[in-house]
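Student: On the provided structure of chain E, position chain G as indicated by the hints.
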Amino acid sequence: MGHRTNDLRTSVTQLYNNPSLLPLTKKQKKLVTRNPGSIMAIAKGAKMAIDECKYQFKNRRWNCPTYVDGHGGSIFGKILNTGCRETAFIYAATSAAVSHSIARACSEGSIHTCSCDFEHNKVPVGKDWEWSGCSDNARYGHKFSRRFVDVLEKGRDFRYMMNLHNNEAGRVHVSSGMKQECKCHGMSGSCTIKTCWMRLPPFRNIGHILKDRFDGASKVLPGNTGRAVKRKRRRFNFSPVNPNHKRPGRRDLVYFEHSPTFCEKENMIGFEGTAGRECNSTSLGVNGCDLMCCGRGYKSETFPVKERCHCTFHWCCQVKCQVCTRLKVRNTCL
Amino acid sequence: MGGVVLETLSNRKLSILAVSLLLLLFVFFLIGGLVAPAPSSVMNMLTTKCYDKHVYAHEKKWYIPRGLHACDQIDDLSNPVVNDKRIEASMVVFSLWLPYPRENKQLNMSRWFQNMLTVIQMDIEHHDNNPLSKYTNATMRMEVRLGYRNQQDNESDWKELISTHEDRPLRCDTDRVKDDYYRCELLSFFELGSVHYDYYLINIRLPVYQSKDVNLGLGTIKDIHIITIFQNGGFTKVWFSLKTTMFPVIIAVLVWFWRRVKLLSRQPNLLERTLLTLGIVLSIMNCPLEWFTLWFNLPWMSILSDIRQGAFYATLLSFWMIFAGEHIMVVPKNNLRSYWKHLTSVVFGCVCMFVFEMCEKGMQLANPFYTIWVSETGTQLALAFIILAGIAACTYFLFLSYMIYRVFKNISAKKTALPQMSNLRKNFYLGLIFRFKFLMVLTLLCAALTVIFFIISQVSEGQWKWGDDGISLEYSSAFLTGSVYGMWNVYVIGLLSLYAPSHKQYTQTNDTSDGSQEEEVQLTQIPTETSAMTSFISKEAQE
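Protein chains in written order, with the working numbering: chain E, 1 to 334; chain G, 1001 to 1543.
Just chain E, with the same shape it has in the complex (with noise of 0.2 Å):
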C-alpha cells in the first residue's frame, strides 16, 4: 500500500496486519486494491464498530464479545452466523461504521479515490470539479459501505435477506444522521447567497439511535411471506411476526430468531455466559446483579486500587495527576 508505518497507528496496523480480523474475501481485496488508502478506513471503521458495540452493551448479559483468534471466522464470533437482535446490530454498525469512516477518510484526503459527482443524475458533460465542485463524501462512503460489506453475504436465503436489510438500516441511520449547517456569504456577509453544507454526526450518535432501533427491532416471518419481494436490491418486504404491528422500514433493524438468555454458557454461539462479569448491586436495571447472574447470586471484594486523581487537563495529550489510593468495592458473578 505504500504506507507509513507509525506506532502510534499500531492498533490500526495491527488490525490490517492481522488476517483473521480482517479477512478479505475476493472482491473486496479489488475493491481495496483500486482505492488506496481505504483499508486504513476500513481498519478504523471495524475498530470503531466494536468499541461502540461494546460500548452500548457494557451494561448487558450480552457485552459485545470480541474475539482475536478468529472465533467461527469473524471477531465477533459465531453470534453472527445467527439471525437474533444482536446479530441485527452487529450488522448494522460495522456497515454503518465502514460508510462513516470511509465519509471521514475521504474529507481529509486520506482516499485518493473518492468519487466528486456532484450532479449524480445528470449527465456530467464539461461539469467537472471547476464547473461545480464535488459532492458530499458521505455519499461515497455510503455506496462504498454497500460494495466492500454487501458483498460479504451470499446465498438467497432469509438470513440473507435480514442481513442486508440490517447492513442498510445502518447505512442510512449515518445518511440521515447528517446534520445540515449554513453560512451566509453575501454582499457585506447578508445572506443574498448562503451555502450549506452536511456535518456527519460523531459516531456515538449513531450508536445511540442504532441502540434504540435494537431495543424497538421487529421479529420477522421468515420466508413466510413466500419469496419476498424483491422491489430493489436491498429492499425487502418482511412481514412481522405480530400482524399488529408495523411493517418494519428502511431504518428498522429485522430479526427472526430469539435470542438466548445469556446467562449460560452457549456453545452454539461461543458466548461464555455471565459469570464472573462485574455487575452493580444497588441498579434494579440490566446491570443489577440480579438480572446480570440470573439468579446465580455474586460475591463481593473490596480492594485498594491506584487512581489518577486532581489532575489538570490541557485539550490534548498533556495531563499532570497525582496518584491516590482508594478502596473500591467489586461485584462479580458466580
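If you're looking for bench data, these hints aren't it; they were derived computationally from the structure. Any given hint could be a false lead.
[Stated by the list, open to error] Each computed BS3-like pair below joins lysine-lysine, with the alpha-carbon atoms no more than 25 Å apart: (1) G:1243 / G:1105; (2) E:183 / G:1437; (3) E:47 / E:27; (4) E:78 / E:154; (5) G:1085 / E:320; (6) E:211 / G:1243; (7) E:54 / E:265; (8) G:1105 / E:194; (9) E:58 / G:1222; (10) E:154 / E:29.
Tutor: Same frame as chain E, but now just chain G:
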C-alpha cells in the same frame, strides 16, 4: 418636462418593447437556473493531526498532510500512545491541504473561483473532569500559517502567504449528558479575495502557555474541521459572460439616450441627468474588470465589486426619490440641491455600509484572518454601523413614502380638476400621471420579483437534496443572475429607452393611425408650460 418616448410610442411598439425586455429578463433567469451551477461550492474537510517533537526548533517548517513529504501523524489524540510518547499540546499541528484529492488525482483550486472563505468547526469532547470553561469565556489562540504552492512547483516548496496568531472565542454548549460532543458555533477562519494559486496549506497550532493563561480550559479537542466555501468556476464563467454582453448593450442605450437629450433645444433637466447618472453607474458596475483576475492576483477585486454594486443601488434609490419629487406636480424643482435632505439619508446609509465593508473586507486585504466580529468592541462597532445604515434606510423609505403619498394626493386632486382644463394642459397632466404610475407599477413589480425569488432561493437552499431526480433548477443562481443582476439591467434599459425625450415633435411626420392623437399629447417648451402650471396651481390654491 417634455414628452417622453413612453407617451408618444404607439401601443404596438410599446408592447413589442415590453415583450422583448421581458424575454431578455426571462433569458437571464433561465441562464441562471439551467446553465449556471450553484453560485458556490463547499468542501468540508478534516484536518490531519501532525506531530513534531521539535516543533520550536523548526519554526518555519511546513507540515504537509499527505504526499511524499507527509508529516508524522496521530489518528486519535485520546490514544494512550500519545501520552506514552510524551506528546504535548504544543507539538500537535493541525494541517490541511486544500483542495482534496478526488478520483485518483489531486484537484487544484482555479482562478475562476474568485474568492474563498473558510470556517472552522471544532469537535470538542465532553468530559466532566475536563470541561470547557463556560464562565471565563474560553478563547482559543491559534498560531496559524497559510501557505500556497502551484502545480508545477516542487512538492515541498510551499511559500508563505501569512503567518499570524488569532484569537477566537469558543461559544459552545451541551444540552444533555449523553451528548459526547459540545455543540459549538462555527468559527470564522479566513477569507481570500482571490484564489490565485493551485494549492493552499493550512497549519494550525494551539500551544498552551500555562503562565499566560493561554489555551486553558478548552475542553478536550478531538478534531478540527475546516469548511471552505468558494464561488463555482461555472458560475463565474456565466457571470463574466453576462457582464461582458451587457456592458456594450448598456453603453449603446446610454449613448442613444444622451443623444436624444442633446438634440433638445433646452438644457437637460434634472430627471434626465439623474437617468444618465444611473446609466453610467450601471455601466461601471457592468464593466467586466474581473477578467484581469485570471492573470493577476487582485485580492481587492471583490471589494471593488461590492462597492460598484453599492454605488448602483445608491443611485437607484436616489433616482426613485428624484423621480417622485419631480412628479409632485407642484413646481418641479429641477435642481439637486432641493433634494439634499432626502439624498443625505441615502449617502449616509451608504457611507455606513462602506465603512463596515472596509473594516471587514478592507482589513482582510492585510490579514485574511481578520474579522471584526471576534472582538467585543469590534462587534459593537459593526452592529452600530449596520444599525445606522438601517436607520438611514428607514428614513429614506419614510421620505419616499411621504413623497409618493403627496404625488397620489395631487393626482387625485388633478383628476377632479381635469374636465375643466384646456386640452393641452389636460394632456400634460395625463402624461405626467401615466408616466408616474407606469414607473410605480414597474418598480413594485421588480421589487416583488426580487423578494419572491429571494425567498425561493433561500428555501431551496435550505432543503438538502439527497439523491433527488429530474431536472434541478438552481434557484440561487437564478436569483443572482435574474433578480440581482438581470432585472435591474433590464429595468435601467427600460427606463433609458422609455423616459428618453421623444423626438416626434421635431420630425413632425404624421403617423398613420394614432399619429394625430399622439401629436396632441406633445408638450413642447418647458418654460411656457411651467408658467402655465404655476399659474394654475396658484389659482387652485386660492380656491
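Student: All hints, please: hold or fail.
Tutor: Evaluated hints:
1. Under the criterion of a C-alpha separation no larger than 25 Å, the hint pairing residue 1243 of chain G with residue 1105 of chain G is inconsistent with the structure, at around 33 Å.
2. Restraint check for residue 183 of chain E and residue 1437 of chain G: the C-alpha separation of about 40 Å exceeds 25 Å, so the hint is violated.
3. Proposed proximity of residue 47 of chain E and residue 27 of chain E is supported: the alpha carbons are some 21 Å apart, at most 25 Å.
4. A threshold of 25 Å between alpha carbons decides the hint, and for residue 78 of chain E with residue 154 of chain E the separation of about 17 Å falls inside it, so the pair holds.
5. At roughly 15 Å between alpha-carbon atoms, residue 1085 of chain G and residue 320 of chain E fall within 25 Å of each other, so this suggested pair holds.
6. Restraint check for residue 211 of chain E and residue 1243 of chain G: not satisfied, since their Cα atoms lie roughly 56 Å apart, outside the 25 Å limit.
7. Taking the CA atoms of residue 54 of chain E and residue 265 of chain E, the gap is about 19 Å. The hint holds against a cut of 25 Å.
8. The suggested pairing of residue 1105 of chain G with residue 194 of chain E is violated, with an alpha-carbon distance near 29 Å, which exceeds 25 Å.
9. Under the criterion of a C-alpha separation no larger than 25 Å, the hint pairing residue 58 of chain E with residue 1222 of chain G is consistent with the structure, at around 23 Å.
10. For the suggested pair residue 154 of chain E and residue 29 of chain E, the alpha carbons sit about 17 Å apart, so the restraint of at most 25 Å is met.
In terms of the numbered hints stated before, the structure departs from hints 1, 2, 6, 8, listed from lowest to highest.
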